[in-house]
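**Student:** The listed protein sequences derive, respectively, from chains W, G and P.
Take 1 as the starting number for the first sequence in this note's numbering and just add one per residue.
Take 1 as the starting number for the second sequence in this note's numbering and just add one per residue.
Take 1 as the starting number for the third sequence in this note's numbering and just add one per residue.
Bear in mind the hints are in silico, worked out from the structure with no lab data behind them.
Quick reminder that beta carbons are idealized off the backbone N, C-alpha and C, glycines included.
Don't take every hint at face value.
No more than 30 Å apart at the CA atoms, straight line, and that leaves these computed lysine-lysine pairs for BS3-like [stated by the list, open to error]:
id, chain 1, residue 1, chain 2, residue 2
1, G, LYS107, W, LYS150
2, G, LYS109, W, LYS150
3, G, LYS109, W, LYS144
Residues of chain P clear of chain W, computed beta-carbon distances all greater than 10 Å [claimed, not checked]:
id, residue
4, ILE12
5, GLU35
6, ASP36
7, SER67
To give a feel for the contact side, a few chain W residues facing chain G, derived at Cβ under 10 Å [as the list claims (entries may be wrong)]:
id, residue
8, ARG29
9, MET197
10, ALA202
11, GLU272
12, LEU274
13, PHE325
14, PHE332
15, GLY333
16, ARG335
17, VAL338
18, TRP340
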Amino acid sequence: MDSAVKPHYVRPLDLKRGRIDMSHGAGGRASAQLVRELFAPAFDNPFLGEGNDGARLPAAAGRLVIATDAHVVSPLFFPGGDIGCLSVHGTVNDVAVMGATPLYLSASFILEEGLALADLKRIVDSMAGAAREAGVAIVTGDTKVVERGKGDGVFISTTGVGVLPDGRDIGGANARAGDAILVSGTIGDHGVAILSMRESLAFETEIRSDTAALNGLIAGALAAAPGLRVLRDPTRGGLATTLNEIASQSGVGMLIDESAIPVRPQVAAACEFLGLDPLYVANEGKVVAICAAADASAVLAAMHAHPLGRDACRIGNVTVDAHRFVQMQTRFGGRRVVDWLAGEQLPRIC
Amino acid sequence: MKYVDEFRDGARARTIAARIHAELDSARRYSFMEFCGGHTHAISHYGISDLLPPQVHMIHGPGCPVCVLPIGRIDLAIGLALERRVILCTYGDTMRVPASEGLSLIKAKARGADIRMVYSAADALATAKANPDREVVFLAIGFETTTPPTALVVRQAQADGLRNFSVLCCHVLTPSAITHILESPEVRRFGTVPIDGFIGPAHVSIVIGSAPYEHFAEEYRKPVVIAGFEPLDVMQAILMLVRQVNDGRAEVENEFVRAVTRDGNAVAQAQVAEVFELRPSFEWRGLGEVPYSALRIRDRYREFDAEARFGLAYRPVPDNKACECGAILRGVKKPTDCKLFGTVCTPETPMGSCMVSSEGACAAHYTYRRFRDIDVKVA
Amino acid sequence: MCLAIPARVTEILEDGRAIVDLGGVRRPISLALVEDCRIGDYVIVHVGYALGKLDAEEAERTLALFSGLDADAAGPAADAMRAA
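Please construct the entire structure, taking both the sequences and the accompanying hints into account.
**Tutor:** So, in structure tokens, the structure goes:
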């Protein structure tokens, strides 16, 4: 029965001091309020506004591309970004490296009981900003709540849908001997930024995560070289893992030049302190591109013209190699294999 | 990075390489053992062998404290974590070393053991302070470089009156290991593994000084050149060894003059002597029992000795029969001589410790050099 | 073994520790094993502890030796290495 004093009054969420509790995941009024007062205003688009379980999307001219990514990064907030924008960038990039234009995202949240609403708002606002910048809409989503101790604050899973124009074929199996291998900028920034937050490591650095949506940069590269063969973003496992994946898929080898690989001095130094190799450290705002040698300068020029590609450069070539080795000419003058990562890269004392 | 980048300079490398080429006697073979795993790693990581003449042959020695840690010691650590429910603190290097029953520290962690990776012995101490109701054990591995920090935390624990902290001491000693290799039948009598000289460890020597190596030069007539950690240091040390061999000298020389003195770091040595004493014998993976080659915690710090505190009994566990880690650690066989290499035993699925540590001869060869075993065309 | 790197002391802290800088990255480390450390000194750092000081003059001499400015097996840098 409505109160005579204030009909239809619902106490708003306490976004300053409130916390997620089990009722927010029960599917009842509290869940609906969370969507209504937090998610919907931030993501603000007509699809979401319809308030249905799913989003009805217009037909697309071209093939559909879909990609998904789960984000479990800890800490939630780090220099240069947070789990929110990371979850948008990651999936936008996965769609973009297929050569597709990213359009729509879904977002599923697993919230830990006790998560501060202020933190959740910060994350959601960050996602909204990242989506707007990337030109995508977050059109549907879901929230669940798990008991305290069963989640790291929040896990976010995003799925992205995009459109791939007819005639475009970008894929890891396309690299051919003689092709140029390009990278859009410095490597190792994200991983080092995350590690710098670990208390026990206690190192101070100005390195920020490079997390960014790459669809604009990639569109420019594709316009400059429609025949571009391979695009991939070197996330977990770093540049070395991505190159090995492509070599393996394409049945080729690679020869890269260590002195050509851009690494910020502070990233190199942080890796030195910990006994890590920057080649294996995660990136969240870089892309590897492989194209015919003749297209290399055009692609580089297009990347240089974009704010995210100022440090783009050519790092090597694709070779004939039945064993699919990625080899590197060291700065020192020798040659070595850059292998797959074996297990997790653990900081060493030896 | 100052004093790092300059010592990795390719142009200077070519200068030194040219000198090695010019000065060596092309009619003979030079075999040098780099004792220290860090040097093994540098040689593979920078492709130093590509710059050396074919007459110079590098043998990888056992100076990798992870590689020589026997299965039985890891079992003790796993037992403490899984059965006695301690918080087991360890350096990252040991996490994947295979132990008994298909376990390793990282696998025991997946089974519920509270195993925490630390970057410093001080972190282990901090963990003990932060968890006063739990027992905390620090798995202390390493040669003489890593021992002084362990000594410091034991003393700190005593000074702070900590009641829940102890150390599982697996610290080993460099000179004893070198002696053991030189005393091994292959080297001493049969000459099957001719070792013409040693590249001495860089950072161990900062602590112990260059004096302890004089014994090898005199007794065994083998030159020793202590080399810094960077690739140029290693190359310069090889040049100095070539010169000694050519001249018929067997002396201790110090390429790492910017950090190593004859007497070493007296403060560090004193801390170690205060806390530790020699074990009469210690099992090294692949080398068997080696006399006076390892340390244990002195009686006055007994309460911080995990072996005393938990009444641990060491049980040696033999390696997989086909595993050639032992022979490889002694420099008698190459990784490719091992039947398991590259097939059953890879960095992802290591059978023996030479493959687990990135400095182990097998891991280094697999990760950086196995392309040399195969004829590879670069288009 | 032993991953150790040379880093420059930029600040001495009160509890026997110092802040060191390597290539712009700063970390606190313990000076308990090294005496007489001053700002500007280079120390060799291993697992969070300074193990010893790096002698900058010797470092420069060693580099000169590599570059061929001290080309023969003679000269001050080479002599220092032999005196061991």
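**Student:** Each hint should be assessed against the structure and marked as holding or not.
**Tutor:** Outcome of the hint check:
For the given pair, LYS107 of chain G sits about 21 Å from LYS150 of chain W by alpha-carbon distance, which is consistent with the 30 Å threshold. Distance check on the hinted pair: LYS109 of chain G and LYS150 of chain W sit about 17 Å apart at the alpha-carbon level, within 30 Å; holds. Under the criterion of a C-alpha separation no larger than 30 Å, the hint pairing LYS109 of chain G with LYS144 of chain W is consistent with the structure, at around 28 Å. Consistency note on ILE12 of chain P: stated as away from chain W, and its beta-carbon is indeed over 10 Å from all of that chain's, at 16 Å minimum.
Consistency note on GLU35 of chain P: stated as away from chain W, and its beta-carbon is indeed over 10 Å from all of that chain's, at 24 Å minimum. The beta carbon of ASP36 of chain P is kept farther than 10 Å from every beta carbon of chain W, the shortest such distance being approximately 24 Å. Interface exclusion of SER67 of chain P from chain W stands, the closest Cβ pair being 15 Å apart, more than 10 Å. Using the Cβ-Cβ criterion of 10 Å, the hint placing ARG29 of chain W at the interface with chain G is not satisfied: the shortest such distance is roughly 39 Å.
The beta carbon of MET197 of chain W comes no nearer than 14 Å to any beta carbon in chain G, farther than 10 Å, and the hint placing it at the interface is violated. Taking 10 Å as the C-beta cut-off, the interface hint given for ALA202 of chain W holds, the closest approach to chain G being about 9 Å. The beta carbon of GLU272 of chain W is positioned within 10 Å of a beta carbon in chain G (closest approach about 6 Å), and the interface hint is therefore held. Interface restraint check: LEU274 of chain W against chain G, minimum CB-CB distance 7 Å, threshold 10 Å, status holds.
At its closest, the beta carbon of PHE325 of chain W sits 5 Å from a beta carbon of chain G; the interface hint therefore holds under the 10 Å criterion. Of the supplied interface hints, the one on PHE332 of chain W holds, with its beta-carbon coming within about 4 Å of a beta-carbon of chain G, less than 10 Å. Of the supplied interface hints, the one on GLY333 of chain W holds, with its beta-carbon coming within about 4 Å of a beta-carbon of chain G, less than 10 Å. Using the Cβ-Cβ criterion of 10 Å, the hint placing ARG335 of chain W at the interface with chain G is satisfied: the shortest such distance is roughly 5 Å.
The beta carbon of VAL338 of chain W comes within 9 Å of a beta carbon in chain G, closer than 10 Å, and the hint placing it at the interface holds. Taken as an interface hint, TRP340 of chain W checks out: its beta carbon lies about 8 Å from the nearest beta carbon of chain G, inside 10 Å.
The structure shown violates the earlier hints numbered 8, 9.
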